[in-house]
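Chemist: So you can see what is in the structure, the chains are spelled out below.
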Amino acid sequence: MKSLYDFISKEETQSSRNLNNIINTSYYAVIALTAFMIIIRYAFTFVWEHNMSNEQYWIEIILISGAIMLLIIKAVELFIKLKRVPNIVKETLSILLVVILCSIGIYVHSISHNVLTLYMIPVFVSTIFAKRWLTFTAYLVSMIGLSINTWFISQNGYLLHEESILMEATLAAIIISLAYTLSHVLILPGRTNLLISLNKESLEEEVLLDPLTELFNKKTLDLYFKTLLDTAKEKRVDFSYALIDFDDFHRINEMFGDPVGDKYLKKAAKLLKDLLPDYTAAFRIGGDEITILFGGYNAAEAKVILEKFQTKLSQLKIVGSKEHRLTASIGIAQIDLEVNQRSDLFHAANKALIHAKRIGKNQIITSDLDMYEIELNNESLNRMLNHIPIMDSVENINRKKKAMTKILVSIIHEDVIFTQTICSRLKSIYSEDYDLGFQTFPDGQAFLESDWFMTDYPHIIVMEDIMSRKTGLEVLYQIRKLPQNNNYKVFMLTRRNSVEDKIEAYQNGADYYLTLPLNMQLFTAKFKRELERTSR
Amino acid sequence: MKALSVEFLFWVNLVVGSIILILTLYLIANRLGQQSKQKKRAEYRSKVVGVWYDYLSSEKDLPGMLIPTNNLEKEQVEDILLSLVHNIESKQMDDKIYMFSNSFLSKYYRKNLYHRKWSRRMNALSSIRELHIVALLVDIKKILKRGPRSKEEFYEILHTLAQLEPSEFLDIFPKVEAEYSEFEYKKILIGLPPRTLAGLIPIIDDLPLNCQYSFIDVIGTMHNVDYILFLETRMNHHHPEIRIRALKAMIEIGHINQIEPYLHFIESENFVERLMVVRLFSKLPLTMIQTYLDELKEDESWLVRQEVAMVSKAEKQFLLPERSHDNG
Numbered sequence: 003m004k005s006l007y008d009f010i011s012k013e014e015t016q017s018s019r020n021l022n023n024i025i026n027t028s029y030y031a032v033i034a035l036t037a038f039m040i041i042i043r044y045a046f047t048f049v050w051e052h053n054m055s056n057e058q059y060w061i062e063i064i065l066i067s068g069a070i071m072l073l074i075i076k077a078v079e080l081f082i083k084l085k086r087v088p089n090i091v092k093e094t095l096s097i098l099l100v101v102i103l104c105s106i107g108i109y110v111h112s113i114s115h116n117v118l119t120l121y122m123i124p125v126f127v128s129t130i131f132a133k134r135w136l137t138f139t140a141y142l143v144s145m146i147g148l149s150i151n152t153w154f155i156s157q158n159g160y161l162l163h164e165e166s167i168l169m170e171a172t173l174a175a176i177i178i179s180l181a182y183t184l185s186h187v188l189i190l191p192g193r194t195n196l197l198i199s200l201n202k203e204s205l206e207e208e209v210l211l212d213p214l215t216e217l218f219n220k221k222t223l224d225l226y227f228k229t230l231l232d233t234a235k236e237k238r239v240d241f242s243y244a245l246i247d248f249d250d251f252h253r254i255n256e257m258f259g260d261p262v263g264d265k266y267l268k269k270a271a272k273l274l275k276d277l278l279p280d281y282t283a284a285f286r287i288g289g290d291e292i293t294i295l296f297g298g299y300n301a302a303e304a305k306v307i308l309e310k311f312q313t314k315l316s317q318l319k320i321v322g323s324k325e326h327r328l329t330a331s332i333g334i335a336q337i338d339l340e341v342n343q344r345s346d347l348f349h350a351a352n353k354a355l356i357h358a359k360r361i362g363k364n365q366i367i368t369s370d371l372d373m374y375e376i377e378l379n380n381e382s383l384n385r386m387l388n389h390i391p392i393m394d395s396v397e398n399i400n401r402k403k404k405a406m407t408k409i410l411v412s413i414i415h416e417d418v419i420f421t422q423t424i425c426s427r428l429k430s431i432y433s434e435d436y437d438l439g440f441q442t443f444p445d446g447q448a449f450l451e452s453d454w455f456m457t458d459y460p461h462i463i464v465m466e467d468i469m470s471r472k473t474g475l476e477v478l479y480q481i482r483k484l485p486q487n488n489n490y491k492v493f494m495l496t497r498r499n500s501v502e503d504k505i506e507a508y509q510n511g512a513d514y515y516l517t518l519p520l521n522m523q524l525f526t527a528k529f530k531r532e533l534e535r536t537s538r
Numbered sequence: 056m057k058a059l060s061v062e063f064l065f066w067v068n069l070v071v072g073s074i075i076l077i078l079t080l081y082l083i084a085n086r087l088g089q090q091s092k093q094k095k096r097a098e099y100r101s102k103v104v105g106v107w108y109d110y111l112s113s114e115k116d117l118p119g120m121l122i123p124t125n126n127l128e129k130e131q132v133e134d135i136l137l138s139l140v141h142n143i144e145s146k147q148m149d150d151k152i153y154m155f156s157n158s159f160l161s162k163y164y165r166k167n168l169y170h171r172k173w174s175r176r177m178n179a180l181s182s183i184r185e186l187h188i189v190a191l192l193v194d195i196k197k198i199l200k201r202g203p204r205s206k207e208e209f210y211e212i213l214h215t216l217a218q219l220e221p222s223e224f225l226d227i228f229p230k231v232e233a234e235y236s237e238f239e240y241k242k243i244l245i246g247l248p249p250r251t252l253a254g255l256i257p258i259i260d261d262l263p264l265n266c267q268y269s270f271i272d273v274i275g276t277m278h279n280v281d282y283i284l285f286l287e288t289r290m291n292h293h294h295p296e297i298r299i300r301a302l303k304a305m306i307e308i309g310h311i312n313q314i315e316p317y318l319h320f321i322e323s324e325n326f327v328e329r330l331m332v333v334r335l336f337s338k339l340p341l342t343m344i345q346t347y348l349d350e351l352k353e354d355e356s357w358l359v360r361q362e363v364a365m366v367s368k369a370e371k372q373f374l375l376p377e378r379s380h381d382n383g
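Chain order of the listed sequences is P and C.
Take our numbering: the last position of the first sequence gets the number 538, and nothing is skipped along the way.
Take our numbering: the last position of the second sequence gets the number 383, and nothing is skipped along the way.
Please note that the accuracy of each hint is not assured.
[To be verified] Derived SDA-like pairs: lysine to any residue, alpha-carbon spacing no greater than 25 Å straight-line:
1. P:K429 - C:T276
2. P:K472 - P:P519
3. P:K429 - C:S101
4. C:K95 - P:Q343
5. C:K102 - P:F525
6. C:K115 - P:F525
7. C:K146 - P:S426
8. C:K95 - P:V418
9. P:K530 - C:Y110
10. P:K504 - C:T276
11. C:K146 - P:Y514
12. C:K102 - P:P519
13. C:K242 - P:P519
14. P:K504 - C:S145
15. C:K151 - P:N521
16. C:K102 - P:I431
17. P:K530 - C:E144
18. C:K146 - P:Q343
19. C:K94 - P:T442
20. P:K491 - P:S426
21. C:K151 - P:Y514
22. C:K146 - P:S500
23. C:K242 - P:D417
24. P:K528 - C:K146
25. P:K528 - C:Y110
Derived by calculation from the structure, the hints in this document are not laboratory data.
Same shape as in the complex, but just chain P:
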């Protein structure tokens, strides 16, 4: 199965993906260190006229330090596989260990030049954890180690070239600082590799998995959710979020005991894992609560997949009870223009889940369409029970239908107070009758750079003609070049009132041309007229 994170790399070529998987971070570090050493070697030869022979340098510095580095990395890799030790302890201890090893090496080898630079090894080693703070800690600890070692060597007179100890230390400090800068570059591919390997068996065995269900745990969800969501938004692919809650699961625990409950939870998780397609991942976030991230799937597609899961789950028999069947209620939400944060997705899915529970459990509800239908059905039912005339209900349904047509409203004006005023005014007047999505922008450039306007929704734009970055006419010109430009209705606000200006604006595609200061009543009347036209 492809990992969830792979869906982000859909556009990359197969070969580049393979290469990414093959090259491990530790090899990156070794390659970087060797390259770095060679550069330093030549720098010393040409700038500082160093008198160390090539052979001596290759053997003592490059080969030995490369071998030490490789050994250390392998040791650290083994060390971090230790179970029952918290990650932070493993990481910090690894770095400390490397620093101590380097200190001993330098102390023993203190007759040679430049050996103080070995303190860059901890910095490079720390990159395999792909954490910036850890690399910074390694850098700090190395610098402290360097200072102590320099002091110790100079005090005891072990160094042959005693007079140049400060020079050596200063150069070593500069080189370690450069190594620290370079290590930041190394962290980037390191981080990607770590994410790509979300599904790798080696990591599944470690901290990422919930031990009972073998689904990912909540910590993993917290770690990667934002990155996955941001990438989905950036790549403009669908992204859905499902919440699964097993119905009356506590009863199974009460009747048959926790071990039986756990057993069925494990079975259900296995069913789910078998059903989930590529680019999806399931996370156990609570007792009997499971979250699924669908990368590249919209809510309707996710619903089809989860319906299969419900069918399979209903076939799962509970030994010892003919009445009881394991069922699950599911709420699904997908990202769109308004629901695009983790909290939004969670709230939308949770709301859908609560609805699913309310209307009889063992249901799948998606946050958008299904919720609307349920609302409408409930309302019709209530009306029938309360003998409310049917005409009223039809009107109401029409109103709701009108509300189904989502209309985007963009207000582009440099005066943030004015945009907020217009926005709050329009919201308060029309939000009940129409499904409006508002967004404000400080100038035309910000608007054109946003994803907001690249949709098929009807879109009303209220903008000033003169702005510092991209004028209203420039924005208008860009919009009218779009294939679906009829979706856009433009209110141009201006302080210029000449006939020529008006003609120019209308010729470029403005639908309304209003002068500032704006007469709010006139504006809202025109806006309402446009809303009515658009929602038809």
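Since the structure of chain P is provided, determine the placement of chain C on it from the hints.
Modeler: Okay, now just chain C, sitting in the frame of chain P:
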């Protein structure tokens, strides 16, 4: 490189490093402070902006939360009120804003009027004018009496008086020694009530030339026939620019009582005057101006000849002449 001593390198590194560190820390602290202030401003603004509009556009009583309690809130209220005055047209809203500003912001602006920083004083004057804080006129007059500290402040005071106390403005304006640009004079004159503007006519010759030009231009944009008599008196002015501006203003107004005051322009040595008079005559029936057009048909300037041809053609086709006013 070997000649450099280790100690020297070490101390240079230490000093440069320390300076960079201190500067970085200072910048970071400053930036954090600014960001926190900006965040507070944005939070306050988004909290009250809707409430402000509701209050100003309805008959509701003033909600207590709108009264600013500290300088940060006062700055935001100032921004909100100025934005509403600039961008939304409503007499009721403007009146309420002026009333609020007089009651709750006058103390704040009084303090700023006497502030040691020039920018604060200038901003205060500009806001007092735009928010019509008449309660501070006494202080403004006091500053005027004492003598403003800069030419710009003096201009702002004039502008404010022109808006808020025109009678005082008429007393002071002819005595002003400082000269400003045409644009600055226009800014003052364009907002003047008609009666105050008319009050400047008797003293127009005492005003600086830039001001006279602006005054005639402003009259032109008003399209008011009451000023035709005054403009006709400018036709014989010794300064050619005044005569040309007056002709332009007449073209803007588009109405001529009598043709005689303009006839001498046909013989003018300045081609712009001849051009303007042709444009002005285009407002009259062809029968009245045919003789003069014939005379100007052979004019030495091609612009004048072109204008005459256009006027004759348009009149013959019974079409209103339409041309931009700046193509000559």
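Chemist: Hint by hint, say whether it matches the structure.
Modeler: Okay, the hints, checked on the actual structure:
A C-alpha spacing of about 39 Å is found between P:K429 and C:T276, which places the hinted pair above 25 Å, so the restraint is violated. Restraint check for P:K472 and P:P519: satisfied, since their Cα atoms lie roughly 21 Å apart, inside the 25 Å limit. Restraint check for P:K429 and C:S101: satisfied, since their Cα atoms lie roughly 14 Å apart, inside the 25 Å limit. For the given pair, C:K95 sits about 23 Å from P:Q343 by alpha-carbon distance, which is consistent with the 25 Å threshold.
With a CA separation close to 24 Å, the supplied pair C:K102 and P:F525 stays within the 25 Å bound. A C-alpha spacing of about 22 Å is found between C:K115 and P:F525, which places the hinted pair at or below 25 Å, so the restraint holds. Among the hinted pairs, C:K146 with P:S426 is consistent with the structure: their alpha-carbon atoms are about 21 Å apart, no more than 25 Å. Between C:K95 and P:V418, the direct Cα distance comes to roughly 15 Å. Compliance with the 25 Å bound is thereby established for this hinted pair.
Between P:K530 and C:Y110 the alpha-carbon distance is near 22 Å, which keeps this suggested pair within the 25 Å criterion. Restraint check: the Cα-Cα separation between P:K504 and C:T276 comes to about 19 Å, which is no more than 25 Å; the hinted pair holds. Under the criterion of a C-alpha separation no larger than 25 Å, the hint pairing C:K146 with P:Y514 is consistent with the structure, at around 24 Å. Proposed proximity of C:K102 and P:P519 is supported: the alpha carbons are some 23 Å apart, at most 25 Å.
A distance of roughly 17 Å separates the Cα atoms of C:K242 and P:P519; the hinted pair therefore holds under the 25 Å criterion. A C-alpha spacing of about 23 Å is found between P:K504 and C:S145, which places the hinted pair at or below 25 Å, so the restraint holds. Distance check on the hinted pair: C:K151 and P:N521 sit about 16 Å apart at the alpha-carbon level, within 25 Å; holds. Restraint check: the Cα-Cα separation between C:K102 and P:I431 comes to about 18 Å, which is no more than 25 Å; the hinted pair holds.
At most 25 Å may separate the alpha-carbon atoms for a hinted pair to count; P:K530 and C:E144 meet this at roughly 19 Å. Annotation: proposed proximity of C:K146 to P:Q343 is violated, straight-line Cα distance about 42 Å (limit 25 Å). This hinted pair checks out: C:K94 and P:T442 have alpha carbons roughly 17 Å apart, not beyond 25 Å. Pair hint P:K491 plus P:S426 holds up; C-alpha atoms about 20 Å apart against a cutoff of 25 Å.
Proximity of C:K151 to P:Y514 is assessed by CA-CA distance (about 29 Å); at most 25 Å being required, the pair is judged violated. With a C-alpha separation of about 24 Å, the suggested pair C:K146 and P:S500 falls inside the 25 Å cut-off, and the hint holds. Using a Cα cut-off of 25 Å, the hinted pair C:K242 and P:D417 holds, with the two alpha carbons roughly 22 Å apart. With a C-alpha separation of about 21 Å, the suggested pairing of P:K528 with C:K146 holds against the 25 Å cut-off.
Between P:K528 and C:Y110, the direct Cα distance comes to roughly 23 Å. Compliance with the 25 Å bound is thereby established for this hinted pair.
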